[in-house]
Amino acid sequence: MNNNDILRELIKKSRLDKPVPAEVQAHIRENKGRQFKKIMKKAGVYSVLFGLLSNLFFYLKRIGFGVTIVKTAVILTVSAVIIISFTTAGLYLLGRGYFSGKIQEKVEILDGNKGAIDLFPAGNKIDKAGPDSDAVSDSDRVGVQQFMGVNVPASRAAETGDLIYEKLSSITGSDRVVNFRKGRKKAGVLLMGSIEYLNNGYMISARLVNIKDSKIIYYTSENINTLDELDRACQSISSRIAEKIK
Amino acid sequence: MSWKKRDFAEAYNDYYPLIFSAVFSKVSRVEDAEDICQEIFIKFYEKIDTIENHRKWLYGAMKFELLTYYRKKHPDVEDVEEMLQDASLSYVNGFKDIRIILTEAIENMDNFEDESDKILFDLVAIFNFTYEEAAGQLGFSVRQVRYKYNKIAGRLVSYLGKKGIKSLEDLL
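From first to last, the protein sequence lines are chains A and B.
For the first sequence, the residue numbers in this note's numbering are 1 to 246.
For the second sequence, the residue numbers in this note's numbering are 1 to 172.
FYI, nobody ran anything at the bench for these hints, they're computed from the structure.
These numbers were taken from a predicted model, which means no experiment stands behind them.
You can take every hint at face value.
Residues of chain B clear of chain A, computed beta-carbon distances all greater than 10 Å: (1) Thr50; (2) Tyr70; (3) Asn108; (4) Lys166.
Simulated crosslink set (EDC-like; lysine to aspartate or glutamate; CA at most 16 Å straight-line): (5) Lys151(B) to Glu115(B); (6) Lys167(A) to Asp231(A); (7) Lys41(A) to Asp35(B); (8) Lys56(B) to Asp14(B); (9) Lys38(A) to Glu46(B); (10) Lys12(A) to Asp97(B); (11) Lys42(A) to Asp35(B); (12) Lys151(B) to Asp117(B); (13) Lys151(B) to Asp122(B); (14) Lys162(B) to Glu104(B); (15) Lys186(A) to Asp138(A); (16) Lys38(A) to Asp35(B); (17) Lys185(A) to Asp140(A); (18) Lys56(B) to Asp122(B); (19) Lys71(A) to Asp7(B); (20) Lys163(B) to Glu107(B); (21) Lys26(B) to Asp17(A); (22) Lys38(A) to Glu31(B); (23) Lys151(B) to Asp5(A); (24) Lys38(A) to Glu39(B); (25) Lys13(A) to Glu169(B).
A virtual CB, placed ideally from N, CA and C, is assigned to each residue, including glycine.
Let the sequences and hints guide you as you build the complete structure.
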């Protein structure tokens, strides 16, 4: 027998022990939190928040985490902030129709140095309002989203998108195009794009996406060597897009 | 969250199993033990700011609540305090002296690193909690409990050695 066993045996023989049955030990552990709540209620100081905190505290203790109640409060606060942030972000994105407008690019686009691909040449033309109608319907309107920059500053990408928006609206009329970076209006088609710095030049690409079914309607791109050519590239991209949505 | 609530929650977590076990060993009914513990801990919450030694206060309050309980249960008995006396105190045989020495060792706080050591020892050695149960009650891992308990046992054996008891086995 080691010292532990001998000591226990001595305590037992001296009748100093008061053994508590195993089921009572389990009962104490399982009901500790509930009893605490009752005591706090009877003392008139119970609140839902404190109830939550104490439940978490007793749970952590039970599984062997020696945390203090202050640490438990920190854990609870951080968890609540994370949950609230995710919920808010999720609701916001849902509200913006992010998921309905999300593009699933299933088409592998192979483009040359400079080119335009009409992905739906026959069928999937953009709906137009009737010939007698002068007003632009929402489904005809093109919404220009902020351009993405790859290896270029975000401000440059935004500037590129704005430039295309300006040129496109000067060709088609300002009512036909809306710049989502600056304002909101309903639109049936999204114009998305990017400016990417490659080894020795820039590639500006743009694509028209049908908001209803997320399909790419049209794709075009321009390659330039220096940013001095940006204006010209944007002009030719805008012209091609204007032709497509005419 | 107020400091009072914070202190109470932590003290409650540590002492509830101890006080419950002590009460249960007297009343032998879980429901009665729960009611008595509720009364003890409500009063404890109200006075926690002014209490210096939580364990001492809680054992005092426990004695008072047990007396009230017995008086209600046995209104015909005149000397309730006598009823409350530990029956084992009247146990006479060769272990009486050992009991005195052991009690002294167990009550001497120098043999424990801190209050949680003492609570752990009482749960395991006095109330026969398994290491797993004691760990679940106090927020330790089973390994920590085993380690702490071994250290406490070592300290107690060394204390008894200083009192002239060289071999514990001889006492059995």
